[in-house]
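S.K.: Listed below, chain by chain, are the residues.
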Amino acid sequence: MPRLVATLLAVIALLCFPATSAAVPIVEQADADELAQALAEATDEQDVCYGWEVQVQDESGGPGGLEAGSSQGPGRPLDRAGCRRYAVLQAGVVYTSETSESEDSVSSFGIDSNLPRPPTTGQLAELGYDESSLLSEDDDQAVIDMTGVLPLLVAEAGLAPYVPFEAPTEPIPAADRPTDSPSSDWWRAYWWVAALGALGAGLLVLVAGAGVMSVLRGRAAERGPGSRVS
Amino acid sequence: MIPRSSSALVVALAIVLLAGCGLDASVRNHVRDNYRFEREERTREGRSLVYRSDQPPTRTAAEIAGARPPADRRNTASGVFLRYSKDFVGVVPDGRGGSRIMVDDERRGYSHFYPYVGGFWGTYSGPGESFRGGGPGGGK
Numbered sequence: 001m002p003r004l005v006a007t008l009l010a011v012i013a014l015l016c017f018p019a020t021s022a023a024v025p026i027v028e029q030a031d032a033d034e035l036a037q038a039l040a041e042a043t044d045e046q047d048v049c050y051g052w053e054v055q056v057q058d059e060s061g062g063p064g065g066l067e068a069g070s071s072q073g074p075g076r077p078l079d080r081a082g083c084r085r086y087a088v089l090q091a092g093v094v095y096t097s098e099t100s101e102s103e104d105s106v107s108s109f110g111i112d113s114n115l116p117r118p119p120t121t122g123q124l125a126e127l128g129y130d131e132s133s134l135l136s137e138d139d140d141q142a143v144i145d146m147t148g149v150l151p152l153l154v155a156e157a158g159l160a161p162y163v164p165f166e167a168p169t170e171p172i173p174a175a176d177r178p179t180d181s182p183s184s185d186w187w188r189a190y191w192w193v194a195a196l197g198a199l200g201a202g203l204l205v206l207v208a209g210a211g212v213m214s215v216l217r218g219r220a221a222e223r224g225p226g227s228r229v230s
Numbered sequence: 231m232i233p234r235s236s237s238a239l240v241v242a243l244a245i246v247l248l249a250g251c252g253l254d255a256s257v258r259n260h261v262r263d264n265y266r267f268e269r270e271e272r273t274r275e276g277r278s279l280v281y282r283s284d285q286p287p288t289r290t291a292a293e294i295a296g297a298r299p300p301a302d303r304r305n306t307a308s309g310v311f312l313r314y315s316k317d318f319v320g321v322v323p324d325g326r327g328g329s330r331i332m333v334d335d336e337r338r339g340y341s342h343f344y345p346y347v348g349g350f351w352g353t354y355s356g357p358g359e360s361f362r363g364g365g366p367g368g369g370k
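Sequences listed follow chains E and U, in order.
Counted the way our numbering counts, the first sequence spans residues 1 to 230.
Counted the way our numbering counts, the second sequence spans residues 231 to 370.
In short, the hints are calculated from the structure, not lab data.
Yeah, the Cβ is synthetic: ideal placement off N, Cα and C, and Gly gets one too.
Be a bit skeptical, because a hint or two may be false.
Said to hold, decoys possible - Ranges of calculated distance between the beta carbons of each label pair, as one might list FRET restraints:
#1 PRO25(E) - ALA297(U): 20 to 26 Å
#2 ARG117(E) - GLY325(U): 17 to 23 Å
#3 ASP180(E) - LEU253(U): 24 to 30 Å
#4 ARG282(U) - ARG117(E): 20 to 26 Å
#5 PRO161(E) - VAL241(U): 40 to 46 Å
To be verified - Here are the simulated lysine to aspartate or glutamate pairs, EDC-like style, with alpha carbons at most 20 Å apart:
#6 LYS316(U) - ASP263(U)
#7 LYS316(U) - ASP176(E)
#8 LYS316(U) - ASP335(U)
#9 LYS316(U) - ASP284(U)
#10 LYS316(U) - ASP180(E)
#11 LYS316(U) - ASP254(U)
As the list claims (entries may be wrong) - Quick partial rundown of chain E residues pointing at chain U, CB under 8 Å, derived from the structure:
#12 ALA155
#13 ALA189
#14 LEU204
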C-alpha cells in the first residue's frame, strides 16, 4: 500500500511539475558575473562592446524569457545606443517537456554586430561550437565560450587590439588542482582504428564460421544421403 | 584448417592493429613537428615549451584540435586553451598577428592558465570563493 501511494504521488508530481530538458538559467550567476567582467575588460582594451542574449522558451511552463549579459553588466542586455561598435551573441532556444515527443530546438543563432567584418558562426564552429551546443549538457559553457571568444575574433580581424594573455603573477591556491583526468589521447584521435579492428574481428568470426559450416557440410556429403550436419 | 579468406583477414586485422599501435596521438609531438620552437621555460611547477605560429590563435588552435582532438577546450578573449590527458596547450596572440603556443604538463598548465581554466578543468578558489566544478565533459 505505501508503495502504491508513493507511485501515485510520483505520477501526480510528474504531471504537475514536468521536468524540462535543460536547466534555466543557462549561465549561472557567478559565471555570468565573471563573463560580464571579462567582456568589460575587453571593451576597455578594444572600444568594442560585447554581450550575449539567449531567448529561452520553455514549453513545459518553466521559467523562460531573455537571458542576457554584456560588458555593461551581468543580467543587462547590451544597450547598443551606448556603444560605438558592438558584437553580441544571439540565440533562441525552445525547451520541450521531457514527456513531449518534440525535441528541444534552436530557433535562432547568430552574431549581431555593426562591425565591418564581424565574427561569424562559422568561426565559432571552427572552435568547436555550433547551435547544437546550445542544446547539449554543456550549454552553459557553450554560451560562455562563444561569447567570451568574440574579442579574440574581433582582434584577429584587425578591428581592435588583442586582449593580452596574463599568466598569474602569484602561485595559485595550494588546494586548487586539475581534476578528472581525461581519457586517452590515442582513443580520441584514432577511435576509428579500434572500430576498424572490431569490424575486422567480426568479419573474421563470420568467415571462420562459414568455413567451418562448409567443412562440416562437405563431410556430411561424403558420408552420403541421410547424414546430417551436427 | 582455416579457409584462405580467413587467413587473409587475420593478416589484414593484424596489420591494422599494429599500424594503429604505431600511430602517434601526442599533442606535444604534433606541435613540435609543425611549429617553430622558441624557448623552454622552467618554473617550480614544471617545464613549459613555447612555439610560434604565423597563423592567428583561433586558426592555430583549430589546426591543433583537428589533428589531435582535445578532451576539453576553453575559448576566451585572450586565447584558446586545449586539454589533453597529460598536457595543456595554450594558444595566445604573439602581438605580431601570429600565435604563441605554450605546451605544459597538467600541473604546470593548470597554474599557468589558471585565470582562464581555473574552475573549468579543476578546483577553483579564486575571486568570489566560488567552486565551478571541473573536468572534461563536465563543463563548469
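S.K.: Each of the hints needs a verdict: does it hold here or not?
M.R.: We went through each hint and held it up to the structure:
A hinted range of 20 to 26 Å is violated for the C-beta pair PRO25(E) and ALA297(U), which are about 36 Å apart. Against the hinted window of 17 to 23 Å, the Cβ-Cβ separation of ARG117(E) and GLY325(U) comes to about 21 Å, which satisfies the hint. Against the hinted window of 24 to 30 Å, the Cβ-Cβ separation of ASP180(E) and LEU253(U) comes to about 25 Å, which satisfies the hint. A C-beta distance of roughly 25 Å is found between ARG282(U) and ARG117(E), which places it inside the suggested range of 20 to 26 Å.
Remark: the range hint 40 to 46 Å for PRO161(E) to VAL241(U) is contradicted by a beta-carbon distance near 59 Å. Distance hint between LYS316(U) and ASP263(U) is fulfilled; the C-alpha atoms sit about 18 Å from each other, no more than 20 Å. With a C-alpha separation of about 17 Å, the suggested pairing of LYS316(U) with ASP176(E) holds against the 20 Å cut-off. Restraint check for LYS316(U) and ASP335(U): the C-alpha separation of about 6 Å stays at or below 20 Å, so the hint holds.
For a cut-off of 20 Å, the pair hint linking LYS316(U) to ASP284(U) is broken: about 26 Å separates their Cα positions. At roughly 11 Å between alpha-carbon atoms, LYS316(U) and ASP180(E) fall within 20 Å of each other, so this suggested pair holds. Of the pairs offered as hints, the one joining LYS316(U) and ASP254(U) holds, with about 14 Å between alpha carbons and a cut-off of 20 Å not exceeded. Because the closest C-beta pair between ALA155(E) and chain U is about 7 Å apart, less than 8 Å, the hint holds.
Interface restraint check: ALA189(E) against chain U, minimum CB-CB distance 4 Å, threshold 8 Å, status holds. The beta carbon of LEU204(E) comes within 5 Å of a beta carbon in chain U, closer than 8 Å, and the hint placing it at the interface holds.
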